[in-house]
Amino acid sequence: MDKDTQKDKNKIKSVKRMKEIMTNYYIEAKTASQTGKKVAWITSGGPVEPLIAMDVIPVYPENHGAMIGASKMGNDLCEKAAVMGYSSDLCSYARSDISCATVNGGPIGGLPRPDMLVCCNNICGTVLKWYEIQARYFEVPLFILDTPFCHTDYRQEVKRYVRRQIDEYILFLEGVCGRKLDFDRLREVGRLSVEGQRLWQAVLDTTAHRPAPMSAFDAFFHLALIVTLRGTQIAVDYYRSLLSEMEARIASGIGAVENEQYRLLWDNLPVWYKTKWLSDKFASKGACLVADTYTSAWCGSLKYMDENNFLESMAEGYTRIYLNIGVDQMVKQVVEMIDKYQADGLVMHSNRSCKPYSFGQYDIQKMVQQERGIPSLMIEADMVDDQYFAESQIDTRIDAFMEMIRENHKRRESVNMSGKK
Amino acid sequence: MSPFEEINTVIADPAAYARRLKDKTGKKVIGYLCSYTPEEIILAGGGHPFRLLGGDAAITHADAHLQAYCCSLVRGVLEEALSGRLDFLDGAVFPHTCDSIQRLSDIWRLNIPFGFHTDVVLPVKLNTESARQYMLDVLTGFRTDLERALETKISDEHLRNAIILTNNIRRSLKEIYELRSLNPSLMSGPDLHKLMKASMLMDREHFLAIATAVAAEMRRSDAPVKSGVKRLVLAGGFCNHPDIYSIIEDAGGAVVWDDFCTGSRYFEELVPETKAPLEGIAQRLLKRTVCPAKHSGLHARADHLLEIVRERQAEGVIFVLLKFCDPHAFDYPYLKRELDREGISSMLMEVETPLPPAGQIRTRIEAFMEMM
Numbered sequence: 073m074d075k076d077t078q079k080d081k082n083k084i085k086s087v088k089r090m091k092e093i094m095t096n097y098y099i100e101a102k103t104a105s106q107t108g109k110k111v112a113w114i115t116s117g118g119p120v121e122p123l124i125a126m127d128v129i130p131v132y133p134e135n136h137g138a139m140i141g142a143s144k145m146g147n148d149l150c151e152k153a154a155v156m157g158y159s160s161d162l163c164s165y166a167r168s169d170i171s172c173a174t175v176n177g178g179p180i181g182g183l184p185r186p187d188m189l190v191c192c193n194n195i196c197g198t199v200l201k202w203y204e205i206q207a208r209y210f211e212v213p214l215f216i217l218d219t220p221f222c223h224t225d226y227r228q229e230v231k232r233y234v235r236r237q238i239d240e241y242i243l244f245l246e247g248v249c250g251r252k253l254d255f256d257r258l259r260e261v262g263r264l265s266v267e268g269q270r271l272w273q274a275v276l277d278t279t280a281h282r283p284a285p286m287s288a289f290d291a292f293f294h295l296a297l298i299v300t301l302r303g304t305q306i307a308v309d310y311y312r313s314l315l316s317e318m319e320a321r322i323a324s325g326i327g328a329v330e331n332e333q334y335r336l337l338w339d340n341l342p343v344w345y346k347t348k349w350l351s352d353k354f355a356s357k358g359a360c361l362v363a364d365t366y367t368s369a370w371c372g373s374l375k376y377m378d379e380n381n382f383l384e385s386m387a388e389g390y391t392r393i394y395l396n397i398g399v400d401q402m403v404k405q406v407v408e409m410i411d412k413y414q415a416d417g418l419v420m421h422s423n424r425s426c427k428p429y430s431f432g433q434y435d436i437q438k439m440v441q442q443e444r445g446i447p448s449l450m451i452e453a454d455m456v457d458d459q460y461f462a463e464s465q466i467d468t469r470i471d472a473f474m475e476m477i478r479e480n481h482k483r484r485e486s487v488n489m490s491g492k493k
Numbered sequence: 102m103s104p105f106e107e108i109n110t111v112i113a114d115p116a117a118y119a120r121r122l123k124d125k126t127g128k129k130v131i132g133y134l135c136s137y138t139p140e141e142i143i144l145a146g147g148g149h150p151f152r153l154l155g156g157d158a159a160i161t162h163a164d165a166h167l168q169a170y171c172c173s174l175v176r177g178v179l180e181e182a183l184s185g186r187l188d189f190l191d192g193a194v195f196p197h198t199c200d201s202i203q204r205l206s207d208i209w210r211l212n213i214p215f216g217f218h219t220d221v222v223l224p225v226k227l228n229t230e231s232a233r234q235y236m237l238d239v240l241t242g243f244r245t246d247l248e249r250a251l252e253t254k255i256s257d258e259h260l261r262n263a264i265i266l267t268n269n270i271r272r273s274l275k276e277i278y279e280l281r282s283l284n285p286s287l288m289s290g291p292d293l294h295k296l297m298k299a300s301m302l303m304d305r306e307h308f309l310a311i312a313t314a315v316a317a318e319m320r321r322s323d324a325p326v327k328s329g330v331k332r333l334v335l336a337g338g339f340c341n342h343p344d345i346y347s348i349i350e351d352a353g354g355a356v357v358w359d360d361f362c363t364g365s366r367y368f369e370e371l372v373p374e375t376k377a378p379l380e381g382i383a384q385r386l387l388k389r390t391v392c393p394a395k396h397s398g399l400h401a402r403a404d405h406l407l408e409i410v411r412e413r414q415a416e417g418v419i420f421v422l423l424k425f426c427d428p429h430a431f432d433y434p435y436l437k438r439e440l441d442r443e444g445i446s447s448m449l450m451e452v453e454t455p456l457p458p459a460g461q462i463r464t465r466i467e468a469f470m471e472m473m
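Protein sequence lines, in the order shown, are assigned to chains A and B.
Here the first sequence is numbered in the working numbering, starting from 73 and rising by one per residue.
Here the second sequence is numbered in the working numbering, starting from 102 and rising by one per residue.
Any given hint could turn out to be false.
[Unchecked claim] Keeping only pairs whose Cα atoms sit at most 30 Å apart, straight-line, the calculated DSBU-like set for lysine-lysine is: (1) B/424 to A/152; (2) A/231 to B/376; (3) A/144 to B/424.
[Claimed, not checked] Not everything, but these chain B residues come out facing chain A in the computed CB check (under 7 Å): (4) 200; (5) 203; (6) 217; (7) 222; (8) 246; (9) 249; (10) 250.
[What the hints assert, rightly or not] Not everything, but these chain B residues come out facing chain A in the computed CB check (under 8 Å): (11) 158; (12) 162; (13) 166; (14) 204; (15) 206; (16) 231; (17) 239; (18) 401; (19) 404; (20) 407; (21) 425.
The set of hints was computed from the structure by calculation and includes no laboratory data.
C-beta: ideal position from N, C-alpha, C; glycine also.
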């Protein structure tokens, strides 16, 4: 087989279907006013299930931010935000979205106007400010789900507070939509949500295989549906099909990286405008980013969610997410992933835009070294604003890091060999 | 020692003051960063609330834990703690404030060996009944945590006394601000800055005596009101730079009020003394001038700022914003727009520790005041 056909064979087929689904999804969202449906803007960690149950179309400014980054339109929109008075040290998702809304910029001509805003601060405090700004701009109702930070444990008073707010959220939706929520429908959506999350987890689990059938960079792409359409049959069907494809690739020995020698774990959000560059760079060194802490966050709450009692378990599921827990708890999860995916090293994106994710990385790095003796590489950048990406510097640092990984590997191999004598 | 001689000694070396206080009184010194800290509960437990404002030292230790894109307050406080200069602290209390302080709490807990560590995860929302109930639950939990950490019992009576004390301090500070607003020459800006800083560092009973004496002297004064003084309001998080006040005064202006965490937000709104103590403390935290890291409706901050400007007949606002402080930076364009709408001049100054050269600031402030 010639090299091009080989490359095609190795491409993930489901990508085409994802693009179709996302295109339809955005078309439906942008034509909602014509179909009489309401549009809600919601945060990526927000409880989407009640929206699905109410037939409200959920739209994600953060997902839009990722698209803006991937289309390399971030720098321009961020400059516009600076003209509006927003400091260039602020989160680039927020800056891009705030300026985009005023000019309908970005790769899809802007997001459809929201009828309501739903903000859950489990991911950060920035979203609170971002959504306040948009609520003032669009003059639409804003609901805030306040999920208190769980430094060391999940307290009863937090559970009570968040559970009460879920009820407030439902009342809010009923008010804006002018009709009652169908709790049977919510039960069904809850079941689909949990099923979707299980399938996403199963997809991510496939990369424990050597070689990994997909990489974290693939996961960044396939993540879209579990974020945006969690709770729908579409998402369940898609991930079932993606899982089958991964299982088939495993059976045929197809890896994301052709000659996988080294396995790495990625931490933090993607560098959206450099995913291909980074993927190719690591692949050229025989390294595959086999897993990451970001995409796994959308199935991380499975242990708290009860598909037969979704409404009650929502409070815990939405509060105890990866970014809403203490640094030492995050380390536990990182070490678990290192073991599960047999990672040789950790690649950490020190992301200027995300303080809850980035502050604590140095301590995580140190603790990972102490507990598993594997090295970490810190890449300083921003998820959407490319002015902060120093390509040649990062290129050199990846080279140096991979050299270290290679040496570690050789040393381990020789120890193994001598052990076998 | 005159009140300001004492204040100057404290400000010159707050750590030394804290050590002296500990030696003299045996009180436990509890560090905190945020004005939402329920000081009354600390006082009721016999503790001394000691505000952490960072230091002047260059960052060396903190770089191993916090990236450069973290604000200099958080990095500075961590630096002081890691260097050991804060090892007189018997404990540190971390109310929920912003993302940076939230992570500082974890990093402190994992790296600082001295003193106890407590989180007080107050609600971000302040305008719902469920938030009020949660706030009360958190305060109740904090009282228990503090009883354990300080090995003492915190009775309702202790709390009531603490509330009376803090309310008296608030009344006194407010009076000083009001007297100054009517006649800025009664106290220089830098002195006011020092007084406010001292209010968060000094033994509270003693500080009340000082503030009371200072206010009385101001009331007695027959200093004439200077005419032609340009009246300004400062707004932002906290201002660790008294030079800004002197520069304004040198240019013929006066800061007649502020919307600062370490300024009016610290004393505005009393704890209602008729309610059960924790309910009263909760009520104050819900009703006091809101910090941008919290949510109390969409228009509270602009409404409040405009009210200050009108009530104190100010002619301009200078925003003093700490670099890398997200909540304040997000609110700035909206606040500026509201001021513009009312025809009120404003200027933005982004600050860091250390400040840029005084000459630069002077030029900008002078130009702004001329244009006002």
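Given residue 401 of chain B as an interface hint, is the shortest Cβ-Cβ distance to chain A below 8 Å? violated, 10 Å
Close enough to count: is the Cβ of residue 204 of chain B nearer than 8 Å to one in chain A? With Cβ-Cβ at 4 Å, under 8 Å, it holds.
Take the shortest C-beta to C-beta distance between residue 200 of chain B and chain A; is it under 7 Å? holds, 4 Å
Under the criterion of a CB-CB separation shorter than 7 Å, is residue 249 of chain B in contact with chain A as hinted? Constraint on residue 249 of chain B not satisfied, violated at 15 Å.
Residue 144 of chain A and residue 424 of chain B: Cα distance at most 30 Å? Answer holds: residue 144 of chain A to residue 424 of chain B is near 26 Å, not above 30 Å.
Within 30 Å, alpha carbon to alpha carbon, are residue 231 of chain A and residue 376 of chain B? Judged against 30 Å, a Cα distance of about 26 Å means the pair holds.
Against chain A, with CB atoms and a cut of 8 Å, does the hint on residue 404 of chain B hold up? Hint on residue 404 of chain B: violated, closest Cβ of chain A at ~13 Å, above 8 Å.
Would you check whether residue 231 of chain B satisfies its interface hint, that is, whether its CB is within less than 8 Å of any CB in chain A? Since the shortest Cβ distance to chain A is 4 Å, the answer is holds.
Taking 8 Å as the limit, does the beta-carbon of residue 166 of chain B come near enough to a beta-carbon in chain A? holds, 5 Å
Does the interface hint hold: is residue 206 of chain B within less than 8 Å of chain A, judged Cβ to Cβ? holds, 6 Å
Restraint satisfaction for residue 203 of chain B [CB to CB of chain A, less than 7 Å]: Holds, about 6 Å.
Just to be careful: measuring from the Cβ of residue 407 of chain B to every Cβ in chain A, is the smallest value less than 8 Å? violated, 15 Å
Consistency with the previously given hints fails for numbers 6, 8, 9, 10, 11, 12, 18, 19, 20, ordered from lowest to highest.
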